[in-house]
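Chemist: Sequence:
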Amino acid sequence: LALLSLPRDVGKHPESGKMISAGLGRYGPFVLHDGTYANLDNIEDVFSIGLNRAVSVIAEKQLKGPGGRNGGTPAALKE
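According to our numbering, the stretch in the sequence shown is residues 35 to 113, in order.
It is worth saying that the hints were derived from the structure and are not from the lab. Careful, some of the hints might be misleading.
The calculated BS3-like cross-link candidates involving lysine-lysine, where the alpha carbons are at most 25 Å apart (straight line), are [what the hints assert, rightly or not]:
id : residue 1 : residue 2
1  : Lys-112   : Lys-46
2  : Lys-95    : Lys-52
3  : Lys-46    : Lys-95
4  : Lys-112   : Lys-52
Label-pair ranges, simulated between beta-carbon atoms [claimed, not checked]:
id : residue 1 : residue 2 : range
5  : Tyr-61    : Ser-82    : 15 to 21 Å
6  : Asp-43    : Gly-99    : 25 to 31 Å
7  : Asp-43    : Lys-98    : 22 to 28 Å
8  : Lys-46    : Ile-77    : 32 to 38 Å
9  : Lys-112   : Arg-87    : 14 to 20 Å
10 : Glu-78    : Pro-48    : 21 to 27 Å
11 : Leu-111   : Gly-59    : 32 to 38 Å
12 : Asn-76    : Leu-111   : 37 to 43 Å
13 : Leu-111   : Ser-50    : 34 to 40 Å
14 : Glu-78    : Lys-46    : 19 to 25 Å
15 : Ser-82    : Lys-112   : 46 to 52 Å
16 : Ala-93    : Gly-57    : 14 to 20 Å
17 : Leu-111   : Asp-75    : 34 to 40 Å
18 : Gly-99    : Pro-48    : 21 to 27 Å
Being a predicted model, the structure only gives us computed values, none of them experimental. The beta carbon of each residue, even a glycine, is placed where N, CA and C say it ideally should be.
Model the full structure from these sequences, guided by the hints.
Modeler: Here's what the structure looks like:
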């Protein structure tokens with residue numbers, strides 16, 4: 035029944051004032067802020083994560099840069 039409450043609003047980001055939400059997606063539990071998705075380690079974190087932890091997880095994700103299949107590096111062009 036707790037899954038019906040997702041996505042859950044965690045709170046407003048202290049710097050931007052935009053809402054941070056936690057949810058369960060295709061690739062597991064996550065927090066979302068302004069288009070940035072950051073993975074959470076455990077599914078229980080979706081229901082219990084607080085604002086401070088959510089802000090730190092998002093900050094770590096933004097420091098790492100874009101992910102994806104090639105790690106955000108552009109493909110080499112063939113001549």
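Chemist: It remains to establish, for every hint, whether it holds in the given structure.
Modeler: Status of each hint after checking the structure:
no.: 1; hint: Lys-112 - Lys-46; result: violated, 46 Å
no.: 2; hint: Lys-95 - Lys-52; result: holds, 17 Å
no.: 3; hint: Lys-46 - Lys-95; result: holds, 18 Å
no.: 4; hint: Lys-112 - Lys-52; result: violated, 42 Å
no.: 5; hint: Tyr-61 - Ser-82: 15 to 21 Å; result: holds, 20 Å
no.: 6; hint: Asp-43 - Gly-99: 25 to 31 Å; result: holds, 26 Å
no.: 7; hint: Asp-43 - Lys-98: 22 to 28 Å; result: holds, 24 Å
no.: 8; hint: Lys-46 - Ile-77: 32 to 38 Å; result: violated, 24 Å
no.: 9; hint: Lys-112 - Arg-87: 14 to 20 Å; result: violated, 45 Å
no.: 10; hint: Glu-78 - Pro-48: 21 to 27 Å; result: holds, 24 Å
no.: 11; hint: Leu-111 - Gly-59: 32 to 38 Å; result: holds, 33 Å
no.: 12; hint: Asn-76 - Leu-111: 37 to 43 Å; result: holds, 41 Å
no.: 13; hint: Leu-111 - Ser-50: 34 to 40 Å; result: holds, 36 Å
no.: 14; hint: Glu-78 - Lys-46: 19 to 25 Å; result: holds, 23 Å
no.: 15; hint: Ser-82 - Lys-112: 46 to 52 Å; result: holds, 49 Å
no.: 16; hint: Ala-93 - Gly-57: 14 to 20 Å; result: holds, 19 Å
no.: 17; hint: Leu-111 - Asp-75: 34 to 40 Å; result: holds, 38 Å
no.: 18; hint: Gly-99 - Pro-48: 21 to 27 Å; result: holds, 22 Å
Checked against the numbered hints given earlier, the structure breaks hints 1, 4, 8 and 9 and satisfies all the rest.
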